[in-house]
Amino acid sequence: MAKHWWKALAVLLLVYVIIAGFTIEIPIIGTNGQSSRGLFFHVPMWMCMYTMFTISVVNSVLYLSKYDLRRDVYASAAANVGVFYGILGFATGTLWATYTWGGSFTSDPKQMLTAVALMIYMAYLVLRLSIPDIDKRARISAVFNVFAFALLIPLTYIIPRMVDSLHPGSATTPGFASSDTDDHMRMVLYPAFIGWVLLSVWIYTLFVRYKKLELKNIFK
Amino acid sequence: MINKAFSFCCTCLLLLVSLFANAQENQNQNTETGPVNEFFRSNGKIYVIVGVLLIIFIGIVIFLIALDRKITRLERRDGIHGK
Chain A
1 MAKHWWKALA VLLLVYVIIA GFTIEIPIIG TNGQSSRGLF FHVPMWMCMY
51 TMFTISVVNS VLYLSKYDLR RDVYASAAAN VGVFYGILGF ATGTLWATYT
101 WGGSFTSDPK QMLTAVALMI YMAYLVLRLS IPDIDKRARI SAVFNVFAFA
151 LLIPLTYIIP RMVDSLHPGS ATTPGFASSD TDDHMRMVLY PAFIGWVLLS
201 VWIYTLFVRY KKLELKNIFK
Chain B
1 MINKAFSFCC TCLLLLVSLF ANAQENQNQN TETGPVNEFF RSNGKIYVIV
51 GVLLIIFIGI VIFLIALDRK ITRLERRDGI HGK
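Which chain is which? The protein sequence lines are A and B, in order.
Note that the first sequence covers residues 1 to 220 in full-length UniProt numbering.
Note that the second sequence covers residues 1 to 83 in full-length UniProt numbering.
No wet-lab data here; the hints were simulated from the structure.
Note that the Cβ used here is the ideal one computed from N, Cα and C, for glycine as well.
Honestly, I wouldn't trust all of these hints.
Unchecked claim - In silico DSSO-like pairs for lysine-lysine, Cα to Cα no more than 27 Å straight-line:
| hint | chain 1 | residue 1 | chain 2 | residue 2 |
| --- | --- | --- | --- | --- |
| 1 | A | Lys136 | A | Lys7 |
| 2 | A | Lys211 | A | Lys136 |
| 3 | A | Lys66 | A | Lys136 |
| 4 | A | Lys7 | A | Lys211 |
| 5 | A | Lys211 | B | Lys70 |
| 6 | A | Lys216 | B | Lys70 |
| 7 | A | Lys211 | A | Lys66 |
| 8 | A | Lys216 | A | Lys7 |
| 9 | B | Lys70 | B | Lys4 |
| 10 | B | Lys70 | A | Lys7 |
| 11 | A | Lys136 | A | Lys3 |
| 12 | B | Lys45 | A | Lys7 |
| 13 | B | Lys70 | A | Lys3 |
| 14 | A | Lys211 | A | Lys3 |
| 15 | A | Lys7 | A | Lys66 |
| 16 | A | Lys3 | B | Lys4 |
Claimed, not checked - Distance ranges between label pairs, derived from CB positions:
| hint | chain 1 | residue 1 | chain 2 | residue 2 | range |
| --- | --- | --- | --- | --- | --- |
| 17 | B | Leu16 | A | Leu64 | 31 to 39 Å |
| 18 | B | Arg77 | A | Thr100 | 49 to 57 Å |
| 19 | A | Ile153 | B | Leu14 | 47 to 55 Å |
| 20 | A | Asp182 | B | Phe40 | 22 to 30 Å |
| 21 | B | Leu14 | A | Ile131 | 13 to 21 Å |
| 22 | B | Arg76 | A | Arg139 | 30 to 38 Å |
With the sequences and hints as input, model every part of the structure.
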């Protein structure tokens, strides 16, 4: 039980986030209305995705330095979970945009470039499926993964901040920052980040353990 | 031990079902008063949805815990000591 404390912490934090996220007083601004509460659920999905893709690229680089196949398993499992969270983040953002931006798919740079970044990671997963040889697959996909991460950060983080966008955090709109997020919301937002990321790490470890069982002949 | 926990959950579920059945006999729409019902109807019934999300989330967590234990059992069987 001692090594499972962080899973319990994740569950406790998320129970708090779900209860507090719907019941605290929030500022009602513009067309957002009560939908600002989506901050506690939509933004952490991206935090989980970034965490997973970071784990993935670190393990890919480590694979390329030592050629240890275990690293390849870690990298691919993290990319899988990361794409899952990316899809969740994209779907929640699309629903949110439908009622605040006036359209599900607008020509918004953040939305479009995030879709492109997710496509690149889906291509990583498809690329893995297309190579039957396990060593060749590990090497080629590790190299691809490094380039995918090198594109992820400018596509989802840098370019949307340089151009006009409806999404908070662009050149002309205020974003998530210590100076412009309501104090009450921050009381929920930070526990939400920690709780959701811990939950995603839990799912990731389950995925890795399943993969290791599946490939146990290699890891003997 | 798992069988005990499982049968406990089943018993609780069955008891819950009998509660709902009882409520259906009395009236189609729940208009009962009392502190719990008043609480769930306050603030535009937002607490109902909080409850819905909590049920979904706890369900997902129970599923994850069960999966975790199943994988642990497989690892023990195959002599892999995962984290």
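- Pairwise hint evaluation, Lys7/A against Lys216/A, where the allowed Cα distance is 27 Å at most: Satisfied, since the Cα-Cα distance of roughly 26 Å is no more than 27 Å.
- Query: Taking 27 Å as the top limit, are the C-alpha atoms of Lys3/A and Lys4/B close enough?
  - Reply: Given that 27 Å is the threshold and the Cα spacing comes to 24 Å, the pair holds.
- Message: Please verify whether Lys216/A and Lys70/B have alpha carbons no more than 27 Å apart.
- Response: holds (16 Å)
- Task: Assess, step by step, whether the Cα of Lys211/A is no farther than 27 Å from the Cα of Lys70/B, and give holds or violated.
- Result: This hinted pair holds, its Cα atoms lying about 14 Å apart.
- Query: Are Arg76/B and Arg139/A spaced within 30 to 38 Å by their CB atoms?
  - Reply: holds (33 Å)
- Query: Are the Cα positions of Lys211/A and Lys66/A separated by 27 Å at most?
  - Reply: holds (20 Å)
- Decide if the proposed pair is consistent with the structure: Lys66/A and Lys136/A, CA atoms, cutoff 27 Å inclusive. Given that 27 Å is the threshold and the Cα spacing comes to 14 Å, the pair holds.
- Does Lys7/A lie within 27 Å of Lys70/B when you go C-alpha to C-alpha? holds (16 Å)
- Satisfaction of the hinted span 22 to 30 Å by the C-beta atoms belonging to Asp182/A and Phe40/B: With Cβ atoms ~27 Å apart, the hint holds.
- For the pair supplied as a hint, Lys45/B and Lys7/A, is the alpha-carbon distance within the 27 Å limit? violated (31 Å)
- Message: Given the hinted pair Lys7/A and Lys66/A, is their Cα-Cα distance within 27 Å?
- Response: Since the Cα atoms of Lys7/A and Lys66/A sit roughly 31 Å apart, the hinted pair is violated (cutoff 27 Å).
- Query: Keeping to a limit of 27 Å between CA atoms, is the pair of Lys136/A and Lys7/A held or broken?
  - Reply: violated (35 Å)
Hint violations for this structure: numbers 1, 11, 12, 15, 17, 21, all remaining hints satisfied.
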